[in-house]
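Residue numbering for the sequence shown follows this note's numbering, beginning at 1321 and increasing consecutively.
One thing to keep in mind: the hints can contain errors.
Unchecked claim - Straight-line C-alpha distance at most 30 Å; calculated DSSO-like pairs for lysine-lysine:
{"no.": "1", "residue 1": "K1326", "residue 2": "K1416"}
{"no.": "2", "residue 1": "K1388", "residue 2": "K1494"}
{"no.": "3", "residue 1": "K1416", "residue 2": "K1496"}
{"no.": "4", "residue 1": "K1496", "residue 2": "K1573"}
{"no.": "5", "residue 1": "K1416", "residue 2": "K1490"}
These aren't lab readings, by the way, just hints derived from the structure by calculation.
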Amino acid sequence: MKGSTKRWLADFSDNQRLLLAWPYRRDVWRDNALPAREVIAELARQVSHYTPVTLLVHPDYQGSVPKKLYDCCSVIVERYDDIWLRDTLPLWFSKKRQTSGIVFQFDGWGGVQSAVECDRALASQLSLKLERSLSVCDLVTEGGTFTHNGQGTWLVGLSSIIQRNPSLSKDVIKNKLNDCFSGESLFFFEGALTADETQGHMDNMALFLNENTLIYALTKDENHPDYKTCKRLAELIELLPDSIQKVAVPLPKPLRPTRIERESLEQLQTSLNRTEELPLLCSYINVLQTDTLVVVPEFGLPEDTIALSIIREVLPEKRVLSVPARELVLGGGGLHCISHNLAGLSDNQTLTA
1321 MKGSTKRWLA
1331 DFSDNQRLLL
1341 AWPYRRDVWR
1351 DNALPAREVI
1361 AELARQVSHY
1371 TPVTLLVHPD
1381 YQGSVPKKLY
1391 DCCSVIVERY
1401 DDIWLRDTLP
1411 LWFSKKRQTS
1421 GIVFQFDGWG
1431 GVQSAVECDR
1441 ALASQLSLKL
1451 ERSLSVCDLV
1461 TEGGTFTHNG
1471 QGTWLVGLSS
1481 IIQRNPSLSK
1491 DVIKNKLNDC
1501 FSGESLFFFE
1511 GALTADETQG
1521 HMDNMALFLN
1531 ENTLIYALTK
1541 DENHPDYKTC
1551 KRLAELIELL
1561 PDSIQKVAVP
1571 LPKPLRPTRI
1581 ERESLEQLQT
1591 SLNRTEELPL
1601 LCSYINVLQT
1611 DTLVVVPEFG
1621 LPEDTIALSI
1631 IREVLPEKRV
1641 LSVPARELVL
1651 GGGGLHCISH
1661 NLAGLSDNQT
1671 LTA
């Protein structure tokens, strides 16, 4: 990695624990967050068979967590605004056998959400519990903007970072990121999928599954609203090192929510007004993964089986599961967005409040 003394830890790095959070917001999750809680509970139960799981629970909602979840998860009680841990928690790196993190400024995805104070503090609170040092970058962005292979190659969703930092030029942003990730090779992509509330997160478009395998979204349908974006993305990905296997996964057209799915949302003026007209981004790139496991989203589409088959074929050494994920995209994200990897923890290391 060009002589870097840091080793950036990827989703698939060894010795890690998966972190999820318990939904509670009534302005993001329909029906008092009950359907979303069912998704998280089932996901935690399935994943815990293969990877240690820790569940983050807001202190005001401890009583809503089913007792049976305590049998498969350790629990941390901490305040947070929403469950998008990928975006609010640190990127981890190892240096001199110590795991540390870097976190960015957080503004609620450029205005998608205004209640952000607890999420802004979450990275430092978690780092204290883990006894890990934390550095802060002054750029406004989120963890889902980045994907890397743990060996020095990164893809960065530049458009969302530009949107979050309007006072900075593109060159200044690039220079800041190159300083932050000194010694790494950063490949910047300008563009966003049309239904992406984040305005360009990379984990909806491309994601490393291991050091030598990258999946990316592609459509050959010229009438697809994201056809041109996917084409430009594929052109950038071809510039990555030849050692990286580049695997295209079909991108469905955005779906629409139903009236029933939207009518129970409470309008509290603290998050995006999610109406029936707001499209749903259904990306198979947005997977949950650990060192032993990949969980692929299902959207009730013909492409579900195609995407699952592709990912199973390129990762024969891993357990590859699929779970329904429509409830998550109704809230604006996916499996990768709701999960975070606590790398550097042994399987039997406890992590509790």
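Which earlier hints turn out false for this structure, listed by number in ascending order?
-> Checked against the structure, the hints that fail are numbers 2, 4, 5, while the rest are satisfied.
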